[in-house]
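Work out the full structure, taking the sequences as your base and the hints as a guide.
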Amino acid sequence: MNDPGAPLAAGDRIELRFPARGDLVVLARLVTSAVATRAGFDVEELEDLRLAVGELCLLALQGSDARHGDLRLELTLLGDGVAITCSLERASTTGDTEPSADEMEAAHLSEQILTALVDEHGRQSEDGAVRAWLRKRRRELAG
Amino acid sequence: MDQEFHIEERPGATAPVIAVQGEVDVATAPQLRECLQRVIADGWSTVVLDLLGVTFLDSTALGVIVGAHKRCRELGGELRVVVADPRLVKIFEITGLTGVLTITDSLHAAGAP
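If you're matching them up, the sequences are chains F and H in order.
Under my numbering, residues 2 to 144 are what the first sequence spells out, in order.
Under my numbering, residues 44 to 156 are what the second sequence spells out, in order.
Don't take every hint at face value.
[As the list claims (entries may be wrong)] The calculated lysine to any residue pairs, modelled on SDA-like cross-linking and capped at a C-alpha distance of 20 Å, are:
no., chain 1, residue 1, chain 2, residue 2
1, H, K133, H, G65
2, H, K133, F, Q113
3, H, K133, F, P100
4, H, K113, F, A117
[Stated by the list, open to error] A partial selection of chain H residues facing chain F, derived with a Cβ cut-off under 8 Å:
no., residue
5, D68
6, A70
7, T103
8, G106
9, V107
10, V109
11, G110
12, D128
13, R130
14, V132
15, I137
16, T138
Just so you know, these hints were derived from the structure itself, not from any lab.
Backbone N, C-alpha and C define an ideal beta-carbon position, used for all residues, glycine too.
Structure below.
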């Protein structure tokens, strides 16, 4: 990059792929912080996005045996904010495994956090591929 | 630079204090769960969880805290959560846990000077 401090603009897209391990979810948070800063989000919104993207990764990992899979994070700058997707790839799903009480509690809390912090979010699972997504508008534009 | 994750157990006047530092997330929450389970299994029904040194919490960490709170209540005690950082307090608020957990902003208020 010519200017490391240059802002990101609508249409810019950043991708990150990493092994689907809990100790690496911090990478998704770090990249999201950097992108949100350059996309014009304020400090509070940046913190919201940092938390939300971690929850997005957890949503993508739910009910999966991700020891051999990858998480792919894709951040797309929009005119009014950012769209983020987190996809679990190359992992086997274990849909027949009952989640523990703690896991069910955490999933419920994760849903509450995302509902509070972002404008839209969702999760899709099809043929073993899981994709969780969110969209957050900048406060100055959210009305 | 984020503080490294660390857990320290301290004796308290009426309840043990578990002091946590750093980021508590899907990677580190299992260590907190193990620590809380061990202290409760040792016979303590009331535990003070000091989060004053915590810089980040996710839903996994909250799930561990809620689980420990439930176990303490079953034993007739409570889990007293000490948290002051507005960013972290906000997470407890948006998940409705401020109405469920005993949350204070100082160790003194939690009975653990």
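Right, here's what the structure says about each hint:
1. For the given pair, H/K133 sits about 17 Å from H/G65 by alpha-carbon distance, which is consistent with the 20 Å threshold.
2. Under the criterion of a C-alpha separation no larger than 20 Å, the hint pairing H/K133 with F/Q113 is consistent with the structure, at around 12 Å.
3. Between the alpha carbons of H/K133 and F/P100 the distance comes to roughly 27 Å, so the proposed pair goes past 20 Å and is violated.
4. In summary, the hint linking H/K113 to F/A117 is not supported, as the alpha carbons are separated by about 24 Å, beyond the 20 Å threshold.
5. Restraint check, H/D68 versus chain F: the minimum CB separation of about 6 Å is within 8 Å; hint holds.
6. Because the smallest distance between the Cβ of H/A70 and any Cβ of chain F comes to about 4 Å, under 8 Å, the interface hint for this residue holds.
7. For H/T103, the interface hint holds, since its Cβ comes within 8 Å of a Cβ in chain F; the closest pair sits about 5 Å apart.
8. For H/G106, the suggested interface contact is upheld, since its CB lies about 3 Å from the closest CB of chain F, less than 8 Å.
9. The beta carbon of H/V107 is positioned within 8 Å of a beta carbon in chain F (closest approach about 7 Å), and the interface hint is therefore held.
10. Interface restraint check for H/V109: the shortest CB-CB distance to chain F comes to about 5 Å, inside 8 Å, so the restraint holds.
11. Hint status for H/G110: holds, given a least beta-carbon distance of 5 Å to chain F, under 8 Å.
12. The criterion of a C-beta within 8 Å of any C-beta in chain F is not met by H/D128, whose closest approach is roughly 10 Å, and the hint is violated.
13. For the restraint placing H/R130 at the interface with chain F, the shortest Cβ-Cβ distance is roughly 5 Å, inside the 8 Å limit, so the hint holds.
14. The interface hint given for H/V132 is broken, as the beta carbon of that residue sits about 12 Å from the closest beta carbon of chain F, more than 8 Å.
15. For H/I137, the suggested interface contact is upheld, since its CB lies about 4 Å from the closest CB of chain F, less than 8 Å.
16. A least Cβ separation of about 5 Å between H/T138 and chain F falls short of the 8 Å threshold, and the interface hint therefore holds.
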